[in-house]
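For reference, the chains in residue letters:
4 protein chains.
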Amino acid sequence: MSEPFRPAGEGVRTRLFQIIFESDTPLAKGFDIVLIAVILVSVLVVMLDSVAAWHAAYGELFYWLEWGFTIVFTIELALRIYVLDKPLRYLRSFYGIVDVIAVLPTWLMLLFPGTQTLVIVRLLRVLRIFRVLRLMRFVGESRLLLDALRRSVRQIFLFFFGIFMLVIIFATVMYTIESPEDGFTSIPMSIYWAIVSLTTVGYGDIVPMTSIGKAITVMLMLIGYSIIAVPTGVFSAEVIRSIRADRYSDQACPGCGHDRHEKRARYCLKCGTWLDEETPDPNRASEKG
Amino acid sequence: MSEPFRPAGEGVRTRLFQIIFESDTPLAKGFDIVLIAVILVSVLVVMLDSVAAWHAAYGELFYWLEWGFTIVFTIELALRIYVLDKPLRYLRSFYGIVDVIAVLPTWLMLLFPGTQTLVIVRLLRVLRIFRVLRLMRFVGESRLLLDALRRSVRQIFLFFFGIFMLVIIFATVMYTIESPEDGFTSIPMSIYWAIVSLTTVGYGDIVPMTSIGKAITVMLMLIGYSIIAVPTGVFSAEVIRSIRADRYSDQACPGCGHDRHEKRARYCLKCGTWLDEETPDPNRASEKG
Amino acid sequence: MSEPFRPAGEGVRTRLFQIIFESDTPLAKGFDIVLIAVILVSVLVVMLDSVAAWHAAYGELFYWLEWGFTIVFTIELALRIYVLDKPLRYLRSFYGIVDVIAVLPTWLMLLFPGTQTLVIVRLLRVLRIFRVLRLMRFVGESRLLLDALRRSVRQIFLFFFGIFMLVIIFATVMYTIESPEDGFTSIPMSIYWAIVSLTTVGYGDIVPMTSIGKAITVMLMLIGYSIIAVPTGVFSAEVIRSIRADRYSDQACPGCGHDRHEKRARYCLKCGTWLDEETPDPNRASEKG
Amino acid sequence: MSEPFRPAGEGVRTRLFQIIFESDTPLAKGFDIVLIAVILVSVLVVMLDSVAAWHAAYGELFYWLEWGFTIVFTIELALRIYVLDKPLRYLRSFYGIVDVIAVLPTWLMLLFPGTQTLVIVRLLRVLRIFRVLRLMRFVGESRLLLDALRRSVRQIFLFFFGIFMLVIIFATVMYTIESPEDGFTSIPMSIYWAIVSLTTVGYGDIVPMTSIGKAITVMLMLIGYSIIAVPTGVFSAEVIRSIRADRYSDQACPGCGHDRHEKRARYCLKCGTWLDEETPDPNRASEKG
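Protein chains in written order, with UniProt numbering: chain A, 1 to 289; chain B, 1 to 289; chain C, 1 to 289; chain D, 1 to 289.
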C-alpha cells in the first residue's frame, strides 16, 4: 500500500507518521499488531453481542467494551489526521472511509439515542474488518496471486458470462415446465434455483418435481460439476506462468534497453547484444582473434 | 464471427452494413453497445414480468415496453435483411434464427390473441439473450479457451462416459437396496439421485435410509468428490499448452540449434545468432558499413 | 484390449473372429457399432421397465424386447465361443463373465418361473453396460488419462487415507457432542454425516444442532472445500507430465541403446553418441578437419 | 519418522528395538503390519459398539475384545518403554501420547467403574487411529505432497483470510436482511450459514427467504463456486514445480551453456559435451587409448 500523504515536517509528526503508517521499525510493527488485534476483538464483540443469550448475560460489558474500542479508534483516527499533510485526501481514500465508519455508529448513537437497536448499526461496525486489509502489506505472496488473478480476469469474465446465459435459459425452461406450487413461482426464482444447482450448493428448498424437470436438472448439475474445470484451469495456468515469470530478470539490455529476458539468456533476444557486462562476449573475442 | 453476407453495392446499404454488422467505426461500436443494452433490458423485463407482484404493479408498462422492444428489433431485423445480398442465408444462420425468434412471439400475439398468457411465449422471448453472443467478437481471449476446450473434448467425453457407467451401476444397486417409499421408485429416479450425489449437489429430496445404502452412498460421494480432478487436470494441462504454444516458436537457431525461443526473439538467447534467415542481421550490416 | 484367444485355423472361423473380436475392417467396425447400440437400448429398456407407469403401459413389449436382446446376445456369445481356440480362458476373463451375465437372467427366468419379479435380476441385466467398455478400443486418449491416473494413484491413496482419518476423528467428536435424536445415533452414522459434509454434498438429512457442533462443522466444511486442491493438483501435474512425455522419442541410442531422449536431443544423454544417423556429427567432422 | 530414542545397549533390547521401531527386517515389517491391522480392528470395534443394535447383540463380545486390544497395546507400550534409553522423551512425543491414550480409557474403567458409559471414553479410544500414521514411513510420495503444501501454505493462508472476511461481511448483511425466524438468529449463526453456502455444502437447514436475501446468496454461491480455483491453482503449480525440481538439474553444459538437463543426463543433449566435470569422459578416454 503506497501512502501518498507523507507529512513534509519533522519531529513528533514525522515519528508518529512512521509508527502509524509505516511498518519498518519495531515500534511501528508493534503498533500494527496491537491495532489488528483490537480490530479483530471489536468485531468478535459485535458478533457475540448479536447472540441473544450472550447479549442477555454480557450486554452491558459489550456496551462498555464497544465504547472503549470507539475511543481507541477515534484517538487513532485523530492521530492519522494530525500527522498527514493532506488529511482530506486520506479521508476520501478507501482506508479513510473505513476508518471513519469504524467509529461513526457509536458516536451517532450518542447523538440519536435509540439507534443502538437498529441492526444496520451492527453492519457498519462489522465493516471494521476491512481495516485488517492493511495486514496485506506484510504478505509478499499476495502479489503473485493478484498478478495471476489480473491476467485471468478476462477469461473468468467470459466464464461468468457463459454461466449467466446458461442459467437464464435453464431457469426459463424450468419455469415453463415446473409448477409454481413447487417453488418455481417466477423466472428470478428459477434463476435462484438454477444457481443453487449449478454451483452444486443444492439447498433442496426448491427441487424439480416432474420427470422432464428432473432430466433437465441432471444436465444442469453435470454442467455445473464439470464446468468448474474452466476457471480452475485458467487460474492454474496463470499461477504457473507467474511462478515462471520469476525466471525472467529485470535487467535491461545495454544495447537496446529491452528489459524482459529469461534469466539464463546470454544475448539480448531483440538486438543480439551480449548481456553479461562483466565478462567479454565470446563471439566478439573470436572475431578479434 | 465471420459475416459472409456482404453487400456488393455501395452507398447507403454499404454504410448501414458497416454499422450493423461490423464494429470498427465508432458509430458501429455505439450501435453494438446500444443493441446489447436494449437486449439485456428486454430480457430483464420478461423476467420481472414473471414475478406476480411486479406483474400486478407494472404489467401494463411491461406490455408496452415489450411492444417497444419488438418494434426496435423488427426495424433492426428489416435493416439487416435490407443491407444483405443473401438475406435468406442469413435467416437460416444461427444469428438469423435467433433474430427472428426475438420478434416473433409479440407479433404472433397480435395474430392469435390469448397466446400472451402462454408461458412458452416467455421462453421464446428469453432466447433473445443469445443475441448477446455477438459480443464475443470483442473478446479475443475466447479463442484460447475454445482452443483448450477443443483439445480436451475427447478426454472430457471419456470422463462423462465413465460417469455415465458409474451412475447406472450405482443407481441400479440402490434401487435394489432402498425401498420405493424413500424415493427410489424406479431406476431413472435412482439415476437422478445418483447424479445429485455424485455432482455433490445434494438436494436432500432423496436420501438413503438403510445402512448398506448409506455405505454405498459414501463410496459414490467420495468418487464424485475426487473424480472432478480428472476434467480439471485435463483442462488445466490444455490451457497451459495453449498459453505456451502462443509464446514459443519451434524454429531452431541456425547457429547453435537451440530450439526454444519466444516468438518475439530476433537473436538466439544462447549464442547471439540472428534468427530471421530471410532478412539480413542489422548488427552485421552496420559492421560491414 | 489384447485378445489372447486367436483361433489357429483359417476360413470361416478366422473371418468371424476378425469381425467379432477385431475392429480393423469396415464389417468389424459395423458389428461393434450395432452391438453397442443394442446393448445401450437393452439397458434403456431395463431402466424404463422399472418405472411403474411405463411397465403398466408397455410391460409386455418390454418383456418380448428383453427376449429379443437375450437371443441376440446368446447367439453372439455362442459365436464368440465357437471362433476361439481357448473359449474357457475367455469365459473366465472380465469380458467373458460380463457376456454370460448379459444373458443369464432371462434364461434363468425360464427355468425358475417367478424370478422375473426379483429386483436383483434387473441389477444383473444392467451389468450389460460393462460390455460397452469394449468401445474403449476406439479411444486412444484413454491411454494418456490412465497413464496419469496410474502415476498419481499412490498420492491419491495417501489423500484418501488422510480423509479417512479426518472423518473418523470428526465423526467421533460429533457423536460425543450432538444428541442421537438429531441423527448422530452411532459413530458409523456420524461418519456418514462427516462424508456428506466433507465432500460438500450436504443432503441436510443430518445437521449439527448445538453451537459447538456447528463450529466443528464449519471447520470440516472448510477442510473439505479446500483439500480438494490436493488430488486436483496431483492429477493436473501428472496430465501435464503425460502430455510432455509426448516430447520424448522412443528412438534408441545407436551407441548405448538408451531409449528415452527428448525429441529435440541431438546427442545421447547417457553416452554422448550422435543420435541423428542420417547426417554426420558436426563434432567429429571438425575433429577430422 | 526419525526415532531419537535408540538404546545404547545390545542383545535382546536392541533386537526388540529393531522389531518395534524400525521396519527393515522381515520380522519388523511383519510386526508393523500386524500392529496396524490390530489398531484398525480395535477402532472398528469401538465404532460398531456405538451402534445400538450391534451393542445389544455383541456388546459382551466387544467388551472382551476391547480388553484383549488393551492388553496387547499395553504389552506393546511396555516393550517400547523397556527398549528405549530415554522412555520419558518418547512418552512426551506425539506418538508416545497417542500410545498412552490408546490404553488409558480401559484401565481407567477398571479404577472408576461407570466411566464405561461415558461417550468421551469412546472418543479417546478412537484416537488410536493416529497410531496408523506410523504407516507413512512406507510411503515415499508423501514427501512430494508435503513439499508442495509447505510452499503453498502462505498463499492458502491468504486465501482463507479472504474467505474469512467475505464470510463475515456476507453473514452480517444477511443477518440484517433476513428475519431470525428463518434461522438467521445471530451473526455467528449467519456465519455458519455463509460457510455452508460458500463451500457449496448447502445443507438447506437455513435458507434465505426474502428476494434481496436470495440475490445476495446467489452472489455468495457464485463466489464460492469459482474461488475454489485459487487454492487449486496454487497447489497445482507447486506440485508441478516439485515434480520438475525432482527431474532437472540447474547445471550448465561447459561446452555450449545449455542449462536444462535431466539429472540423469551425462552428456549435453545439444552439443554432446561430457557434463560431469569431476570425472573424465569415458569416450575421450577410449579415444586417447
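Source of the hints: derived by calculation from the structure; they are not laboratory data.
Note that the coordinates shown come from a computational prediction; the quantities given were computed from them, not determined experimentally.
Every residue, glycine too, gets a C-beta built ideally from N, C-alpha and C.
Possibly wrong hints are sitting among the right ones.
[Stated by the list, open to error] Not close to chain B: a few residues of chain C, all C-beta gaps over 12 Å, as computed:
#1 Gly11
#2 Ile75
#3 Leu79
#4 Met109
#5 Phe160
#6 Thr176
#7 Pro180
#8 Pro188
#9 Gly202
#10 Gly204
#11 Pro231
#12 Ser236
#13 Arg244
[Unchecked claim] Examples of chain A residues lying across from chain B (beta carbon under 7 Å, computed):
#14 Gly59
#15 Gln155
#16 Ile156
#17 Thr172
#18 Thr176
#19 Ser179
#20 Gly202
#21 Thr210
#22 Lys214
#23 Val234
Taking each numbered hint in turn, which are not upheld by the structure, reported in ascending numerical order?
Of the numbered hints, 5, 8, 9, 10, 11, 12, 13, 14, 16, 19 and 21 do not hold.
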